[in-house]
Amino acid sequence: MSVLLVLPIVLPLLAAALAIIAYNHRTLQRIVAVGALIAVVADSVFLLLAVERDGVQSVQMGGWPAPLGITLVVDMFSALMLVISMVTVLSVLIYAIGQPGVDQDQPVFHPVYLVMTAGVALSFTTGDLFNLFVAYEITLAASYVLITLGGRREQIRSGMTYIIINLLASTLFVVGIAWVYAATGTVNMADLAVKIAQLPSGTQTALSMFLLVVFGIKAAIFPLFFWLPDSYPTARMPVTAVFAGLLTKVGVYSIIRTQTLLFPQHRPSTILLVCAGLTMVIGVLGAIAQNDMKRILSFHIVSQIGYMILGLGLFSVAGVAGTVFFIFHQIPVKTALFLATGLVEQSTGSTALSKVGGMIRRTPLVAALFLLAALSLAGIPPLSGFVGKLGIIQAGLSAGEYAIIGVSLVVSLLTLFSMIKIWNGVFLGTAEDPTLRLAASEGETRLATPLLMRGATVALVGVTLAIALFAGTLFDLSERAAQGLLDPSAYIEKVLG
Amino acid sequence: MTQRRSVILDLCVQAEFHTLLLLSLYLLFAGHNQPGGGFAGGLVASCAFGLRYVAGGSSALSRSISIPATTFLGVGMLFAILTGCVSLLTGHEFLESAIFSADLMVLGTVKTSSVLFFDIGVYLVVLGMSLLLLQQLGGADGTDPDEVQP
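Chains as they are written, first to last, in our numbering: chain B, 1 to 497; chain U, 1 to 150.
Hints were generated in silico from the structure; no laboratory data involved.
Be aware that a few hints might be false.
[Stated by the list, open to error] Pulled a few chain U residues facing chain B out of the computed Cβ check, cut under 10 Å:
no.	residue
1	Asn-33
2	Pro-35
3	Leu-78
4	Phe-79
5	Ile-81
6	Ser-97
7	Ile-99
All C-beta atoms in this analysis are idealised placements derived from N, C-alpha and C, irrespective of residue type, glycine included.
Just chain B, with the same shape it has in the complex (with noise of 0.2 Å):
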């Protein structure tokens, strides 16, 4: 049963080194990716299925015992995260390979993107606050490498930014553990569970708030998210996919982790709503203001980030069950909408709103994909958006915190306004510019993309429509994670014993 949680560590880390020993044979470098990442789908679908009917899972590096040594532990949370990020990063590779100029010109592509898959899968599983820190780290230096690919002069700029933003988080990170280690002696998460709670009340929130902190910067929560929509969208297209899916919700998972693990509360926590409201707010109006697709859905990130923070602050079953479905869901919605976005732009040269127009006649599955995957993100009955919104709603409604609901409310009106104009500006109307205009009059009325940018953004589409089929039993099981992580008592005694 170890080599379950150990697989989705290894495999892809196994691949990048095969990967980069085959530098200059691209075919097999993408059969080794593929062929990983499809190992590890399939290892963390078994995962899923071993924690559903066995309960937490945990294994020890090196035979280490616990707390000294370095313990990997999946519970459902984890589980969940594991299963629908993996599924993402391996049809974001698939759209990577079909588009021209990607891995073909960057012999580097393939292993990094597995180095990261690594870093990813070992932030969701690791139960150490310093190996999470390590785990940040592997993400972080695969990441600066994917964003600046290509190396235009605006990736430079605004790679730059990206990395000085995440070295002082790192940086406070770092001082952070210090900070625990000082206080408790350990860096174990279900040990700090026990002795954090024996802290003075003063020093557990000094720890909290920093520690919200280093994440929220991760996360790019409200006031700390304004590096991200400046760095994203200069990324190539699947590289701005995934890390739009991903890597944000790593630091929401880790920002839950710790909140309920390290620093559980029996309240609706003010300040986590308060940073929701406002994430949400700031994040659909900056939306509102670009006239940009990738800038556009890149606030978007930001601003769907609070919902989860809002289901978190409730510290209910009900809000911590809706938050686990809402990031379930937005992790493929948000990729996918970004994977259509690119299918536009690899056809039209463009994402500009008044650049580009007419795309419902000349690439119908395109439009019915964004469609579909922009209503889900709005929240429109019956996709998977409105189950977790509804989720979340409710658990607001039955603590009484009305205000913030209201907000959500109106924050999800200004997401549908949003995809409306996305919609109005680049699938309805006509073309402004002269030339695409003139490809569009000569006949050209279909416009090709490669066939595998277009299978993969249909999977990821297609994974979004069957989290909306089988919300029941998803929300079952997020309403699982989410008792776990309020009563960590499962985990703390399948760690120490």
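Fit chain U to the known structure of chain B by using the hints.
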């Protein structure tokens, strides 16, 4: 602009190169119980190649090593990860270490641990990374503005 190579530097590098590589191997093997280890060993080996680069530019570097730097990197990673996997296959936890001792007639009893293989991996990764860095410093089109004539 081409310059004449410094004879003194050249001779010193020639004298030091193999000594440094031997020292790096010593550090690699001594590392388990004494100062040293894969990382320190890899850095010393990188220094040896760095000196070659300083003395003769990227062409001297490519003459002194024919295996691509990426291969070092990849093989190093393989070594490190497979060391972890072997313990998994033998029914232990991932990365669990084992200690072997062998009676090598002349050398006496040699005790080593499976961590050594992990260290070899680290050594190769550090070396590969440094070589890649040195090669990239040469310029994107393969020409080196600091190239010096022998």
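Outcome of the hint check:
1. Asn-33: violated (18 Å)
2. Pro-35: Violated, about 22 Å.
3. Leu-78: Holds. Min distance 4 Å.
4. Phe-79: Hint on Phe-79 (chain U): holds, closest Cβ of chain B at ~9 Å, below 10 Å.
5. Ile-81: Hint holds; Ile-81 (chain U) Cβ to chain B Cβ min 5 Å, cut 10 Å.
6. Ser-97: holds (7 Å)
7. Ile-99: Not OK, violated: Ile-99 (chain U) not within 10 Å of chain B, min 13 Å.
The structure fails hints 1, 2, 7 (numbered hints given earlier, in ascending order).
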